[in-house]
Amino acid sequence: MNHLRAGDYLILALGLALVAGLWLHRAGSLDGRVLIRLDGRLFAEASLRLDRVITVPGPLGESRVEIRDGKVRVAVDPSPRQLCVKQGWIPPGGAAVCLPNRVAVENAAAGYDSLNY
Amino acid sequence: MTPSTTEKTTVLTATPEDRRVATLAAAAIGLTLAEAAIPLPIPGVKPGLANIVTLLVLYRHGWRMAAWVAGLRIVAGALALGQFLTPAFVLSLSGGVMSLVTLAWAMHLPRRWFGPVGLSVLAAFAHIGTQLMVVDLWLMPGGSLLALMPLFLTAALITGLANGLATAHLLQYGNSDKHGDSHEPKNLS
Numbered sequence: 001m002n003h004l005r006a007g008d009y010l011i012l013a014l015g016l017a018l019v020a021g022l023w024l025h026r027a028g029s030l031d032g033r034v035l036i037r038l039d040g041r042l043f044a045e046a047s048l049r050l051d052r053v054i055t056v057p058g059p060l061g062e063s064r065v066e067i068r069d070g071k072v073r074v075a076v077d078p079s080p081r082q083l084c085v086k087q088g089w090i091p092p093g094g095a096a097v098c099l100p101n102r103v104a105v106e107n108a109a110a111g112y113d114s115l116n117y
Numbered sequence: 118m119t120p121s122t123t124e125k126t127t128v129l130t131a132t133p134e135d136r137r138v139a140t141l142a143a144a145a146i147g148l149t150l151a152e153a154a155i156p157l158p159i160p161g162v163k164p165g166l167a168n169i170v171t172l173l174v175l176y177r178h179g180w181r182m183a184a185w186v187a188g189l190r191i192v193a194g195a196l197a198l199g200q201f202l203t204p205a206f207v208l209s210l211s212g213g214v215m216s217l218v219t220l221a222w223a224m225h226l227p228r229r230w231f232g233p234v235g236l237s238v239l240a241a242f243a244h245i246g247t248q249l250m251v252v253d254l255w256l257m258p259g260g261s262l263l264a265l266m267p268l269f270l271t272a273a274l275i276t277g278l279a280n281g282l283a284t285a286h287l288l289q290y291g292n293s294d295k296h297g298d299s300h301e302p303k304n305l306s
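Just so you know, the protein sequences line up as chains A and B, in that order.
Take 1 as the starting number for the first sequence in my numbering and just add one per residue.
Take 118 as the starting number for the second sequence in my numbering and just add one per residue.
FYI, nobody ran anything at the bench for these hints, they're computed from the structure.
Please note: incorrect hints may appear among the correct ones.
Which chain B residues face chain A? A few, computed with CB under 7 Å, are given here [to be verified]:
{"id": "1", "residue": "V234"}
{"id": "2", "residue": "L249"}
{"id": "3", "residue": "L270"}
{"id": "4", "residue": "L282"}
{"id": "5", "residue": "A285"}
Per label pair, the in silico range of CB-to-CB distance [claimed, not checked]:
{"id": "6", "chain 1": "A", "residue 1": "P92", "chain 2": "B", "residue 2": "A143", "range": "44 to 54 Å"}
{"id": "7", "chain 1": "B", "residue 1": "A197", "chain 2": "A", "residue 2": "E62", "range": "27 to 37 Å"}
{"id": "8", "chain 1": "A", "residue 1": "P91", "chain 2": "B", "residue 2": "P156", "range": "28 to 38 Å"}
{"id": "9", "chain 1": "A", "residue 1": "P92", "chain 2": "B", "residue 2": "M257", "range": "56 to 66 Å"}
{"id": "10", "chain 1": "B", "residue 1": "L202", "chain 2": "A", "residue 2": "P78", "range": "43 to 53 Å"}
{"id": "11", "chain 1": "A", "residue 1": "Y9", "chain 2": "B", "residue 2": "A205", "range": "27 to 37 Å"}
{"id": "12", "chain 1": "A", "residue 1": "L14", "chain 2": "B", "residue 2": "R136", "range": "34 to 44 Å"}
{"id": "13", "chain 1": "A", "residue 1": "Q82", "chain 2": "B", "residue 2": "A197", "range": "51 to 61 Å"}
{"id": "14", "chain 1": "A", "residue 1": "G40", "chain 2": "B", "residue 2": "P160", "range": "19 to 29 Å"}
{"id": "15", "chain 1": "A", "residue 1": "L16", "chain 2": "B", "residue 2": "L262", "range": "54 to 64 Å"}
We put the CB at the ideal spot given by N, CA and C, even for glycine.
Chain B on its own, in the form it takes in the complex (with noise of 0.2 Å):
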C-alpha cells in the first residue's frame, strides 16, 4: 500500500494462464461447495463433480494446468469447508495427488481407444485407493477396510463414469460449439 518503504518492489503480474488458471479454478471450487451442500447418506462418498473441471482442463490445457486447478481447488474448498490441515483435507489432498498422478499416465494412452470416460474411472479408483489407504495405515490402523472397500469402489465407478460421461458432453459440445479457438474462454475480460 505504501511504496517507497522498502527500496525494491515485487511487481506480481498476473499472466493470461494465470488468469485462466483461477477462473477454472474458481469453478472447481464452486463445485466442490455446491456438493457439499447436498446431504449423502455414507460419508465418505460423494460425487466429485469438481473433477469434471479437472478433465476437462487436462484435455484442453494440458496436465500442468489441470494440476493446478485441482491443487487450488483442494486448498481453497478446503479453505472455505474450513477443513485446511484436518483428516478430511489430507484425505482430498492424497486422493487429488494420485489422481493426477495417474493422469499424467493415463493421458498418454492412445485417443483413439481411451477417452474422458476410461480416464475418470481410472483416476477415481486412483484417488479412492489412495483414501482408503490413508485411512487404513494413518487414521483407523488395525480396523479393516476390507468391508467397506465394496462399497467405495462401486460408488468410484459409478461418479467416475458419470463425470467421465459430463466431461465427454462438455468436450463434444465446447469442440463443435467453437472451432479453432477454443483455448481462450470468451467471457474473460
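Here chain A stands alone, though its shape is the one from the complex (with noise of 0.2 Å):
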C-alpha cells in the first residue's frame, strides 16, 4: 500500500497549508466587511469593526456612511425624500439605496444566501 510518494505528501502539505492559511484568513475577514457602491461601480470597501466615517462624493451631493459598533447606516444623503436614510443600520446582508445620489451600501456581513448556477 505504498501510493504515496515523497512529492505526493509535498503536495498534499502544500495544499494542506494553503486551505488552513485560507481558513485562517476567512476567519479574520468573516468580521464583515461593507461594500459602497457610486453608480454602480464599487466605490469603497471597508471592515465593520473599524469605526470610520466615509464621505462619498455622488451627483447631487456628499453622502456620509457610518459605520460604528459593526454597524452600518447612512448618515446623511442630499437625496430629496431621504429614503435610505429613515432606513437606519443595515442589517447583515441587507442594502441601502440613494437612488437620486447613485450611493448603494451594503452590509456583506452575511455572505452568500444562496449560490445558483
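Hey, can you piece these two chains together into the complex? The hints should help.
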C-alpha cells in the first residue's frame, strides 16, 4: 500500500497549508465587510470592525456612510426623500440605496444566502 | 443509408484506439451520471469520480487519450444531464481544460517522487481554481468569492486525495493482475 510518494506528500502538505491559510484568513475577514457603490461601481470597501465615516461624492452632493459598533448606516444624504437615511442601520446581508445620489451601501456580513448557477 | 446519391462515399472506420477511447469515455460518463444522482448539500461540490478514469487513462495510454476521454465525458455528460452550453457546462469545460493542462505539465514530474495522488490533487486544485475564476469574472462579477474559497479548496483537496488513492489502487491492481499487455482490454470484442 505504498500509494503515496515523497512528492505526493509535498503536494498534500502544500495544499493543506493553502487551505488552512485560507480558513484562517477567512476567520479574520468574516467580521463583515461594507461595500459602497457609486454609480454601480465599487467605490469603497471597509470593515465593519473599524468605526469610521466615509464620504461619497455623488452627483447631487456628498453622502456620508457611518460605520459604528459593527453596524453601518447612511448618516447623511442629499436625496430629496431621504429613504436610505430613514432606513437606519443596515442589517447583515441588507443594503441601503440612495438612488438619486447613485449611492448603494451593502452590509456584506452575512456573505451568501444562495449560490445558483 | 441509400448509397450512390452522391458520387463519393466517406467511410469512417473506427480504429481500435477509437474503440478504446469510446469504452473509457463511456465509463467516465457513467460515473458522471451516477454521481449526479447523489444529493449534495453544497452546489458545486462533488466528488468528480470520472477523473479517476482520466487519471487511469493518463497513466496507461498517455495524455492525448486522456484529453479525448475527458473531453468526450464533459460534452456527452452535459448532453445527458441537459446542461450542454449552460453555465454549468462552461464551468465543467473550463475546469476540465485547465486540469488537463496541469496534468500535461505534472505528468513530466519525476515518477519516482510523484504518483497519481499528487497529480490528482494538483488537477483538482486547477479545476476548482479555474471554476472560481470563471464564476468571479463571468457569472457573478463583483461578488467576493473569497468567502467561499476555503470551502471549495478543502473539498478539492479531499476529493483529489480520494480520487488519487483510488487511481493508485486501480493502477497497482491492474498491473499486478496482468503483466505486460495491460494495454488491451480483454472484454472488448
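Comparing the hints with the structure gives:
1. Nearest Cβ of chain A to the Cβ of V234 of chain B: about 4 Å, under the 7 Å cut. The hint holds.
2. At a threshold of 7 Å, the smallest CB-CB gap from L249 of chain B to chain A is about 11 Å, leaving the interface hint violated.
3. The interface hint given for L270 of chain B is met, as the beta carbon of that residue sits about 5 Å from the closest beta carbon of chain A, less than 7 Å.
4. For L282 of chain B, the suggested interface contact is upheld, since its CB lies about 6 Å from the closest CB of chain A, less than 7 Å.
5. Interface restraint check: A285 of chain B against chain A, minimum CB-CB distance 4 Å, threshold 7 Å, status holds.
6. Checked against the hint of 44 to 54 Å, the C-beta distance between P92 of chain A and A143 of chain B comes to roughly 48 Å, which is consistent with it.
7. At about 57 Å, the CB distance of A197 of chain B to E62 of chain A disagrees with the hint of 27 to 37 Å.
8. The supplied range of 28 to 38 Å is met by P91 of chain A and P156 of chain B, whose beta-carbon atoms lie about 31 Å from each other.
9. Separation of P92 of chain A from M257 of chain B is about 19 Å and departs from the stated range, judged on CB atoms against 56 to 66 Å.
10. L202 of chain B and P78 of chain A have their C-beta atoms about 47 Å apart, which keeps the hinted 43 to 53 Å range intact.
11. At about 34 Å, the beta-carbon gap between Y9 of chain A and A205 of chain B stays in the expected band of 27 to 37 Å.
12. Between L14 of chain A and R136 of chain B the C-beta distance comes to about 39 Å, which sits within the given range of 34 to 44 Å.
13. The hint said 51 to 61 Å for the Cβ distance between Q82 of chain A and A197 of chain B, and at roughly 55 Å that hint holds.
14. For G40 of chain A paired with P160 of chain B, a C-beta distance near 27 Å keeps the hint of 19 to 29 Å intact.
15. For L16 of chain A and L262 of chain B, the Cβ-Cβ distance of about 21 Å falls outside the hinted range of 54 to 64 Å, so the restraint is violated.
Hints 2, 7, 9, 15 from the list above are not met by this structure, while the remaining hints are.
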